[in-house]
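Participant: This is what each chain is made of:
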Amino acid sequence: MDTRELVGRLQAVVGAEHVVYLPEDLIVFERDASIDAQLPAAVVFPRTTAEVSGILKVAGELQVPVVPKGAGTGLSGGAVPEENGILLSVSRMRDILEIDEENRTALVEPGVVNLDLSGEVKHLGLYYAPDPSSQYACTLGGNVAENSGGAHCLRYGCTINHVLGLEVVFPGGAVAWLGGKAPNAPGYDLMSAIIGSEGTMGVVTKILVKLLPMPEAVETYLAIFESVPDACEAVSAIIGNGIIPAALEIMDQVVTRAIEEAHNVGYPYDAGGVLIIEIDGMQEELDEQREAILSLCREARAREIRVAQTAAEREAVWKGRKGAIGALGRLAPNYYIQDCVVPRTKLPEIMRFVEDVAARHDIIIANVFHAGDGNLHPNLLFDVRDSDQVRRVITAGEEIISACIDAGGSLSGEHGIGTEKQEYMDWLYSEEDLEAMRKLKRAFDPDWLFNPTKVFPTGEGPHAAKIHIGKAPVHATAAAVWK
Amino acid sequence: MLTETLHTQLAQIVSDEAITNETPTVDGKRPTLGVAPKSVTELAAVVGELNRAEAATILVGGGTMLDLGAPPTAAEVALCTGNLRAIAGYQPADLIVTAEAGVTVASLQETLREHGQMLPLEVPLPDRATIGGAVAANACGPLRYMFGTAKDLVMGMQFVQGDGTLVKSGGEVVKNVAGFGLHKLHVGALGTLGVIATATFKVYPLPKADQTLVFTFADSEAAFTAAAAIRAHQPAAVVVGNAVAQQCLFGAVRGAHVLLVRFMGAQGAVKRQVRDASDAGAEAGANETEVVGEPESASLWQQCVDVGADSSPENILFQANAVPSQLRHVYTELARSAEPLSVGVGVVADPLSGSLQCGILAAAEANQVSVDQTSPVAALLSFLHHARAVSQEHGGSLVLQRGTVALKTAFDVWGPSPQGLEIMKNLKQTFDPHHILNPGRFVSGI
Chain E
1 MDTRELVGRL QAVVGAEHVV YLPEDLIVFE RDASIDAQLP AAVVFPRTTA EVSGILKVAG
61 ELQVPVVPKG AGTGLSGGAV PEENGILLSV SRMRDILEID EENRTALVEP GVVNLDLSGE
121 VKHLGLYYAP DPSSQYACTL GGNVAENSGG AHCLRYGCTI NHVLGLEVVF PGGAVAWLGG
181 KAPNAPGYDL MSAIIGSEGT MGVVTKILVK LLPMPEAVET YLAIFESVPD ACEAVSAIIG
241 NGIIPAALEI MDQVVTRAIE EAHNVGYPYD AGGVLIIEID GMQEELDEQR EAILSLCREA
301 RAREIRVAQT AAEREAVWKG RKGAIGALGR LAPNYYIQDC VVPRTKLPEI MRFVEDVAAR
361 HDIIIANVFH AGDGNLHPNL LFDVRDSDQV RRVITAGEEI ISACIDAGGS LSGEHGIGTE
421 KQEYMDWLYS EEDLEAMRKL KRAFDPDWLF NPTKVFPTGE GPHAAKIHIG KAPVHATAAA
481 VWK
Chain R
1 MLTETLHTQL AQIVSDEAIT NETPTVDGKR PTLGVAPKSV TELAAVVGEL NRAEAATILV
61 GGGTMLDLGA PPTAAEVALC TGNLRAIAGY QPADLIVTAE AGVTVASLQE TLREHGQMLP
121 LEVPLPDRAT IGGAVAANAC GPLRYMFGTA KDLVMGMQFV QGDGTLVKSG GEVVKNVAGF
181 GLHKLHVGAL GTLGVIATAT FKVYPLPKAD QTLVFTFADS EAAFTAAAAI RAHQPAAVVV
241 GNAVAQQCLF GAVRGAHVLL VRFMGAQGAV KRQVRDASDA GAEAGANETE VVGEPESASL
301 WQQCVDVGAD SSPENILFQA NAVPSQLRHV YTELARSAEP LSVGVGVVAD PLSGSLQCGI
361 LAAAEANQVS VDQTSPVAAL LSFLHHARAV SQEHGGSLVL QRGTVALKTA FDVWGPSPQG
421 LEIMKNLKQT FDPHHILNPG RFVSGI
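Chains E and R, in that order, give the protein sequences.
For the first sequence, this note's numbering assigns the number 1 to the initial residue and increments by one for each residue that follows.
For the second sequence, this note's numbering assigns the number 1 to the initial residue and increments by one for each residue that follows.
In case anyone wonders, no lab produced these hints; they're calculated from the structure.
Hints may be right or wrong, so weigh each one.
With beta-carbon atoms standing in for the labels, derived distance ranges [said to hold, decoys possible]:
#	chain 1	residue 1	chain 2	residue 2	range
1	R	Asp279	E	Ala174	44 to 54 Å
2	E	Pro213	R	Glu114	29 to 39 Å
3	R	Gln302	E	Ala292	26 to 36 Å
DSBU-like, lysine-lysine: derived pairs with alpha carbons at most 30 Å apart [unchecked claim]:
#	chain 1	residue 1	chain 2	residue 2
4	E	Lys57	E	Lys206
5	R	Lys408	E	Lys122
6	E	Lys57	E	Lys439
7	R	Lys38	E	Lys210
8	E	Lys439	R	Lys425
9	R	Lys271	R	Lys208
10	E	Lys122	E	Lys319
11	E	Lys57	E	Lys122
12	E	Lys57	E	Lys319
13	R	Lys425	E	Lys206
14	R	Lys38	E	Lys439
15	R	Lys425	R	Lys408
16	E	Lys319	E	Lys210
17	E	Lys439	E	Lys319
18	R	Lys425	R	Lys29
19	R	Lys29	R	Lys271
20	R	Lys208	E	Lys57
21	R	Lys208	E	Lys210
Remember, predicted model here, so these are calculated numbers, not experimental data.
Cβ coordinates follow ideal geometry from the N, Cα and C atoms, glycine included.
Please build the complete structure, drawing on both the sequences and the hints.
Facilitator: Here it is, written out as C-alpha cells:
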C-alpha cells in the first residue's frame, strides 16, 4: 500500500490538519493500556458520521486495516493499531447531543467520557450506570466496543444492558441506525452483536443510552477478613441469601497496602482480604438487607465491619478501589492483569488456587476483583527485564486461566480478548465455535479489515502470548526516547 | 420422493417414535413430516440431514407462537424441540440456570421457585411455551421495565447452525465478553439463524413482596399521566388496558381504562411504594384504586401477558411500539380509529417500555381480504396501515403477530425493511446457506 496515497485520500475526507502520519508523530498512538504496541500508517480524527463513512470508504477501496480508538484505556489491546493500518480516533466526536429527561435517555457521540455523561445529568437526579474503573477517562464508544463492566454491574448490568440504540458505520462506509428509544425494532439484533465486538465490525458514531434515577439511599461497608477466601465465602453467602447488592468488591493485602501508600483512604494494612459492599435503593430495602449482610459477614469470620458514615467516607472507599490498578505501579514495573470469570460459588476455591500458583512460581499476585460477578482480576507483578520472571508469569497466568475455564468460567468478564487473550480463545471454544464467530464478523466485514489480527487465535498456539509480553520493551524504549 | 428418503435418513438418527406425521399447520401449510429429537446431539444430526436434503423446516417449541412471522415460503418438515426437556445445569447460589430448548417456561419457573428464584421473563401460555421458543420469538411482558428482555437475561447458548454444526456462545457466568455475542443474535431471530438447543439464563431471587395497584380512569390521558408520575416510585411493571382488554383480564369492565402498577421488592419498600403510588394515582384522577396482594398479583400479570395469546388466526394480534413518552398517542389513536371496525379491539399498553399489544376480536371477515373499499375487510386493512403509520410517526414499528394467511399476504407482517438489511441477509446466508430454517418467515423475506 502506498502511504502517501492513503494519507492524501484521508486528508481529502477530514482535512489535512486531522491526519497524523509522520513516524515521530505516530509514536504516541502505538499503544492502548495493554502491553502491546504497533505503529499505524496514519491516525485520522473525524468529526462527523459523514467523515467516518468517508474514511471507511477509503479503507475499503485501498484495502487498509482499520482500528477504532476511544481513550485507549482498554487493557486487552483492542485499540492497538494494525500494521500499515488506519487508527480512527473518535476524540473529536465528543458532544452530548441530547438529554431526554422524559424518556431517561442520552444521545452521545462515541468520544464522550463515561463519567462526564453522569456529571452532565446529575442535576436531573439521573446517572449512567456502567462504571469501569477508568470511567474518568474512558469513552462511551470504547465502552460499547468492549461491552465494559464495572463495580456496579452486579446489580445494574454491563454496557450492553444500557445501550438502546447505535448509529454505526459499517465497513465500506454504509451508515445505519440500530435500535432506538422505541423497543422491539424488527430484524436481527445487530446492535447487540456489535456491542462487545471490539471494533471488529464497524465504527459506532452515535450511542443512545439509558439513564437511571439515582438511588434514594446508598450504604457502603468495608468488611475486613483474615483471608481472601473468607471474604469470598461472605460474597457467596450474601448472594446465596437472595441479596444482590449494588457492588461486591474484594481486594487482597497486596492491593490494600499499595492503595494506602498511593491514596491514603483508610484501608487496613494488615488484613488478608477486604470486601467492599455497597447496597442502594429504597431506604426500607436497605434496612432489610443491612442486618442480613452484616451477620453473613460475621459468619464468614469478618473481624471488623466498617460502615461509611458520610458521602466523603464512601467516596474515599471507592477512590481507593478505582485507583487500585494504578497503585500497583508502586510494587513492580509491569503487571499482567487477568480478567477471568468463574461461577460465584467457585470463588473461594479459585482464590486458594491463585494463592498456590503465586507461591509455586514465586511471583506476587495482587487481587482486586468484582467478586459479586465472579470476575477475577489477578495482577501478576513482574519486571519485564527479568526474562525468567516473565516466563514464570506467563506459566502462572496460563495455569489460572486453565483453572477458571475448568471451573466452568470464561476468559474475560469485561476487558475483552484483543491481542492479549486471543491465543487462549481455543481453550474456551471449539474450532466450530470460533468459526461461527468468524462468520459473524465476515457478515459485517467481508474483507476482514477491522481489527483483523485480534480476538481470534493466530494459530501460533497458546504460548504465542509470550511474544506479546516479550516485545513490550522494544516499543517501551522507543517511547522513552520521546519522554 | 423427498419425504420418504428423508424419513429413512432421519430414522437412522432418531428413534421411530420421534418421527411423526402429525404436524401443526403454519399459515396454511402443513409439513408432511415431524421430527422431535431427544438429545442435543440428535438435534444437530437431524438439522445436518435436513440441510443435506434442503428441506424447508418449521421450528416448533410448544407451538404457542407459531403464528408469529410471515407465511413460510415452504414447509416440508416440522422440527420440534419438545423432547429436549432437561434442565442441564442449575446451581442456585450462582443465580444461573441452563435448560434445554424444550423445557417449558412454567416447569423452569417451578424448579427455580423451589429455590426461591425466578426468571423474570414473561411468556404467554407458559405451561406450553418452551424456553427455546420464548427466546427465539423474543417474548416478554411488562416486567421488562425492571429486568429487561431475553437479550439481557440470556448469558449463553448452544445452537445448531443451518448446516448441522453445534456451536456454543457465551457461557454459564453472569458476565462474559470472551468472543462475540452470537447468542444475543439468536434472541428474536425466530430460529432463522439456527436452532436453539440450550440456553443459559441469569436468574433473580424471588421478591419478598409483590403487590399490584389497580386504578380505573375515565380518560386515557389521565391513565398515562398517572403512569408517568408513578414511574418516580420505581414500579416493576406498568400497563394501561382498555375496556375490551379488561373483559379478558377480569371478565368485567371496571372503567374506561385501567392502570395496573406492580411493585416487587422488600416488604417495607413495597408498602411505601404502594402508598405513594396510590396517592399519585388519585392525584391524576383515578376513580377507584384496589390493592392486589399475593398470590393474585403474579397471576394477574400472567393474565396480562396471556391476553389474546390462545386464539385462532381470525383473532388478529399485533404489537405496536413507540418512544415510551409517545405511546399514549398510539393508544389513543388506536381506540379512535378502531371505532368504525365495529369489532372488539383490546389494547394492553406498557407505557414505560413503549410497547403495546392490540387484539382484534372476532374479525372473521378478514378471511377474505377484499379490495372492495366498502367492506369491513378493507376497513380492517386500513386500520392496520393507519396503526403502523401512527407507530412509525412516534418513532416505533408495528409487527403483526397473528392473522390469517390472506391478511398476512395483504399486510406485511414485519413492516418496511430494517436498516442493516444487507448485513442481516449476509448473516442468514452464512448461518443457514440453504435457507432451510423457517424460510421466508422473518423480516424482508429472510
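Participant: Work down the list of hints and note, for each, if the structure agrees.
Facilitator: Checked hints:
no.: 1; hint: R:Asp279 to E:Ala174: 44 to 54 Å; in the structure: holds (51 Å)
no.: 2; hint: E:Pro213 to R:Glu114: 29 to 39 Å; in the structure: holds (34 Å)
no.: 3; hint: R:Gln302 to E:Ala292: 26 to 36 Å; in the structure: holds (30 Å)
no.: 4; hint: E:Lys57 to E:Lys206; in the structure: holds (19 Å)
no.: 5; hint: R:Lys408 to E:Lys122; in the structure: violated (48 Å)
no.: 6; hint: E:Lys57 to E:Lys439; in the structure: holds (22 Å)
no.: 7; hint: R:Lys38 to E:Lys210; in the structure: violated (42 Å)
no.: 8; hint: E:Lys439 to R:Lys425; in the structure: holds (13 Å)
no.: 9; hint: R:Lys271 to R:Lys208; in the structure: holds (11 Å)
no.: 10; hint: E:Lys122 to E:Lys319; in the structure: holds (19 Å)
no.: 11; hint: E:Lys57 to E:Lys122; in the structure: violated (39 Å)
no.: 12; hint: E:Lys57 to E:Lys319; in the structure: violated (43 Å)
no.: 13; hint: R:Lys425 to E:Lys206; in the structure: holds (24 Å)
no.: 14; hint: R:Lys38 to E:Lys439; in the structure: holds (28 Å)
no.: 15; hint: R:Lys425 to R:Lys408; in the structure: holds (22 Å)
no.: 16; hint: E:Lys319 to E:Lys210; in the structure: holds (25 Å)
no.: 17; hint: E:Lys439 to E:Lys319; in the structure: violated (42 Å)
no.: 18; hint: R:Lys425 to R:Lys29; in the structure: holds (24 Å)
no.: 19; hint: R:Lys29 to R:Lys271; in the structure: violated (52 Å)
no.: 20; hint: R:Lys208 to E:Lys57; in the structure: violated (55 Å)
no.: 21; hint: R:Lys208 to E:Lys210; in the structure: holds (27 Å)
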